[in-house]
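Trainee: Produce the entire structure from the sequences given, and follow the hints as far as they go.
Number of protein chains: 4
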Amino acid sequence: MEKRARVLIDCEDAKGLVYNISKVFYDRGLNIDNNREFVDKEHQRFFMRTVVSGLFDVKELENELKSVVPSDAQIKVIEPKDKNIILMVTKESHALGDILVRHADGELGAKIQCVIGNHDDLKELVERFDIPFIHVSANELSREEHEEKVISKINSFEFDYIVLAKYMRILTPGFVKAYPQKIINIHHSFLPAFIGANPYKQAYERGVKIIGATAHYVTNDLDEGPIIAQDTIPVNHRLTWKDMQRAGRDGEKVVLSRALALVLNDRVFVNGNKTVIF
Amino acid sequence: MEKRARVLIDCEDAKGLVYNISKVFYDRGLNIDNNREFVDKEHQRFFMRTVVSGLFDVKELENELKSVVPSDAQIKVIEPKDKNIILMVTKESHALGDILVRHADGELGAKIQCVIGNHDDLKELVERFDIPFIHVSANELSREEHEEKVISKINSFEFDYIVLAKYMRILTPGFVKAYPQKIINIHHSFLPAFIGANPYKQAYERGVKIIGATAHYVTNDLDEGPIIAQDTIPVNHRLTWKDMQRAGRDGEKVVLSRALALVLNDRVFVNGNKTVIF
Amino acid sequence: MEKRARVLIDCEDAKGLVYNISKVFYDRGLNIDNNREFVDKEHQRFFMRTVVSGLFDVKELENELKSVVPSDAQIKVIEPKDKNIILMVTKESHALGDILVRHADGELGAKIQCVIGNHDDLKELVERFDIPFIHVSANELSREEHEEKVISKINSFEFDYIVLAKYMRILTPGFVKAYPQKIINIHHSFLPAFIGANPYKQAYERGVKIIGATAHYVTNDLDEGPIIAQDTIPVNHRLTWKDMQRAGRDGEKVVLSRALALVLNDRVFVNGNKTVIF
Amino acid sequence: MEKRARVLIDCEDAKGLVYNISKVFYDRGLNIDNNREFVDKEHQRFFMRTVVSGLFDVKELENELKSVVPSDAQIKVIEPKDKNIILMVTKESHALGDILVRHADGELGAKIQCVIGNHDDLKELVERFDIPFIHVSANELSREEHEEKVISKINSFEFDYIVLAKYMRILTPGFVKAYPQKIINIHHSFLPAFIGANPYKQAYERGVKIIGATAHYVTNDLDEGPIIAQDTIPVNHRLTWKDMQRAGRDGEKVVLSRALALVLNDRVFVNGNKTVIF
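Protein chains in written order, with our numbering: chain A, 152 to 429; chain B, 152 to 429; chain C, 152 to 429; chain D, 152 to 429.
Derived by calculation from the structure, the hints in this document are not laboratory data.
Identical copies carry no separate label here, and so any pair may be met within one copy or between two of them.
Quick list of in silico lysine-lysine cross-link-like pairs, DSS-like style, CA-CA up to 27 angstroms:
#1 154 with 393
#2 333 with 242
#3 174 with 192
#4 393 with 262
#5 232 with 393
#6 192 with 352
#7 232 with 192
Mentor: Take a look at the structure:
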């Protein structure tokens with residue numbers, strides 16, 4: 152039966168890659184519905200995302216592609232289907248609510264397995280949508296003890312990504328290491344400005360005329376992971392930092408949802424500490 | 152000797168195009184420095200812009216490419232070099248000035264052959280840059296008589312594009328027809344809003360919260376040609392229409408220069424009444 | 152007891168207005184917490200919004216202010232409290248969902264009395280939030296018959312504003328006339344571009360590089376009422392009109408919620424067919 | 152004879168300020184053409200910019216205003232006229248060129264007294280506009296020696312502001328101290344991101360999706376002075392840092408010119424390390 156797949160290739164650059172890869176598709180009679188490539192000249196790295204359709208076996212196609220590209224290549228042939236995600240939250244409802252509404256509407260492109268909160272303020276909102284809310288309080292626990300509890304909850308679900316929808320605790324290196332390129336965070340500033348705590352207060356005190364939001368993969372350098380999406384909002388002297396926080400929330404939720412859509416559609420490659428987005 | 156060229160292909164979509172085209176490059180040992188494609192599914196139309204480098208003869212490469220694509224294909228193999236342009240202006244200096252400064256700095260990517268004005272207000276500015284200013288007054292002339300004079304001036308120069316840098320007269324169908332896809336205009340609104348005369352006044356009277364600018368190819372439908380670039384600027388109730396005009400000028404000049412850079416770098420395909428931009 | 156109020160004054164411009172009005176506040180020992188004025192020079196019209204605090208009687212303060220301003224003045228002294236709103240929707244969940252989440256979080260600044268839908272697609276979402284959803288089908292009804300039913304539902308509630316959160320039917324002049332400056336709509340284009348049906352399709356067909364959204368008061372000229380807020384989103388040739396629709400939804404919901412916050416905080420004056428926003 | 156002035160007041164907040172100040176205007180029969188106020192609640196500081204017209208003596212009006220406001224007040228009554236500015240540049244032409252074109256057109260609102268360059272690359276461009284270019288090479292000079300030479304040149308002109316239009320040297324504390332709130336700089340990033348050298352390279356390496364520009368007053372903390380205006384430009388993985396630099400220039404010149412217009416129109420108050428902009 153005819154099917155469709157996203158082919159993702161990430162490898163050392165080499166002569167003839169487009170030819171060799173498109174030859175595989177051509178020889179198998181596959182249609183190219185969409186194709187984008189990028190070569191990072193600085194690091195001599197090739198990225199390609201092709202949507203093909205036709206008759207093929209995923210494993211076979213992967214193997215055949217492997218035979219025509221450099222040996223370091225990462226190749227994925229992915230049939231589009233909803234991915235599974237876990238949300239982690241603290242007290243703010245805007246980013247979470249945006250995702251819940253999209254989910255309820257069937258336009259998220261993912262199934263929310265559960266929402267984990269270190270506080271229980273958002274339990275009611277989550278349960279309105281018939282999604283499990285798991286409260287893992289950090290009270291009187293060390294960071295490691297708390298995360299151990301979180302991990303035991305997380306691991307009872309299948310998931311592709313963990314989405315930090317305003318989760319206001321810093322994850323330990325151990326946690327981050329356990330889920331490489333699988334944790335997505337929204338930070339409430341246009342990084343690298345205002346890393347760390349209370350960026351709106353920092354922005355207010357610096358007197359900036361623009362605030363922003365940044366969605367990024369989480370790595371062990373705080374707010375330093377590969378950036379997926381950013382946006383900015385103009386502000387002025389009349390806004391207190393609370394006003395900035397309020398104004399900034401729209402940016403945060405929109406940027407997080409935009410980043411999530413890119414990731415869920417397999418449009419994001421991580422390239423060192425940057426992203427290539429098709 | 153090694154050289155570089157931009158290969159532009161625009162044809163009916165067909166199976167195997169990427170393969171067949173990349174095979175030509177591969178067989179000749181050319182490097183693909185950059186490659187972008189797009190398929191307009193609605194009209195089954197394929198667009199490709201590839202930058203190749205290596206040893207090749209332009210004519211031969213064109214012919215070989217022709218042999219592997221549908222017969223309706225438009226193929227251009229263009230070696231990068233500065234194009235020639237003619238500017239047409241009326242009284243406002245901002246868009247013209249921006250282009251003159253880039254030109255003087257060598258960053259325009261084009262040689263300005265001359266500037267034609269229906270008024271002579273901008274003569275001094277143009278001559279500061281040692282560029283010929285030709286005043287073709289429209290006084291007591293019919294539209295056709297005036298354009299005839301303009302055309303006789305224009306045709307004494309070699310040029311690739313005519314850039315209307317706030318030329319405030321409407322061109323006749325005859326003029327436009329003589330230079331298809333060669334005339335670029337900046338309109339001072341985010342088209343299709345506020346077509347025609349005095350868009351800032353229209354915007355003021357409508358009470359919009361955003362004004363804009365649009366660079367487009369000129370066709371015989373007033374302000375209806377294929378759009379190349381647009382941008383917007385926030386405004387509010389405190390601005391008079393003169394204030395909007397002033398604020399809008401920055402947008403106009405930046406959008407025109409951005410569009411011009413795209414066109415001069417052969418990054419724009421016209422696709423019916425739209426553009427494909429790589 | 153100390154209280155706070157928003158004083159809104161809208162009158163013919165005259166010499167000494169700021170002095171005369173501030174004298175009233177001064178003589179009564181009121182603090183000015185915030186003050187903004189605007190004079191529309193074209194129409195010689197004065198607008199002022201002052202937040203005062205202190206000891207005062209609302210009616211007395213209004214009367215005293217009346218005595219010092221031109222006789223055509225509209226004066227309102229409003230003590231901040233949540234207003235009541237009614238939402239009208241059709242099938243799309245994004246604008247509605249955004250408002251419901253803010254409402255549930257207590258940050259909307261309004262109480263949603265009910266949601267009226269001409270379809271029942273959104274019943275489930277609304278009821279998740281324990282808000283009454285009223286389905287008023289338009290099936291086999293004339294426009295007038297349908298609206299009569301809607302009005303009978305509406306009028307069983309107290310409300311300050313009707314918010315059309317992607318209500319996809321055109322209201323009759325009779326309906327609009329019944330609620331002057333009380334109906335707020337979100338239109339899915341940067342008006343005045345793409346008035347009427349399916350603006351994303353129009354935008355796609357025009358080949359624009361920017362799409363947008365506009366929140367405005369509803370008047371009897373379709374999509375021509377006073378604009379409260381607008382925003383734009385960049386697009387390109389790769390987006391189908393369905394993609395534009397999807398991308399545009401974030402803009403729609405954010406612009407509507409922003410407009411709603413302005414209206415609910417009494418920050419918007421209607422000035423002819425425009426708005427003055429403080 | 153009737154005249155116009157901008158009245159700027161910056162003082163400790165106090166009850167009745169608007170009343171007391173507007174009383175002064177009222178008693179003298181002055182018209183208020185425009186009025187804006189702001190109270191910084193955090194620091195209990197009041198700012199007001201009023202444009203008045205009528206019959207008055209500047210000194211008398213200032214004195215009378217002084218008598219009704221707190222003793223720490225800074226009061227300026229300024230009759231609108233072109234200010235004098237000195238530009239300092241290095242090698243890049245875009246910000247300079249933008250200002251020169253506005254100047255030639257009479258729309259800058261300032262007279263350029265001279266342009267000082269630590270290199271002579273821009274001599275030709277400046278002299279095209281019949282403005283003195285003064286080359287003060289830093290070759291083999293200490294920072295202090297170089298600045299001494301610059302200062303001796305500067306001080307031979309009357310000027311209100313020094314505008315650093317991409318002047319790529321750091322000024323010494325002594326220089327900055329000599330011209331408090333008189334030096335305006337354009338920095339090629341959205342501060343506080345990417346302080347210091349080569350922000351585009353920093354931005355490229357960080358993989359941001361947005362670049363920006365910031366105009367600010369120069370203080371002795373590098374790139375930390377009060378921000379006047381900022382803007383951002385979207386970028387993506389395809390841009391090298393050179394491409395970002397090129398793309399960013401439009402933002403730089405527009406932001407600098409916008410900031411300059413605000414300053415020249417006396418619309419900017421410095422409030423600690425921030426600005427209040429009317």
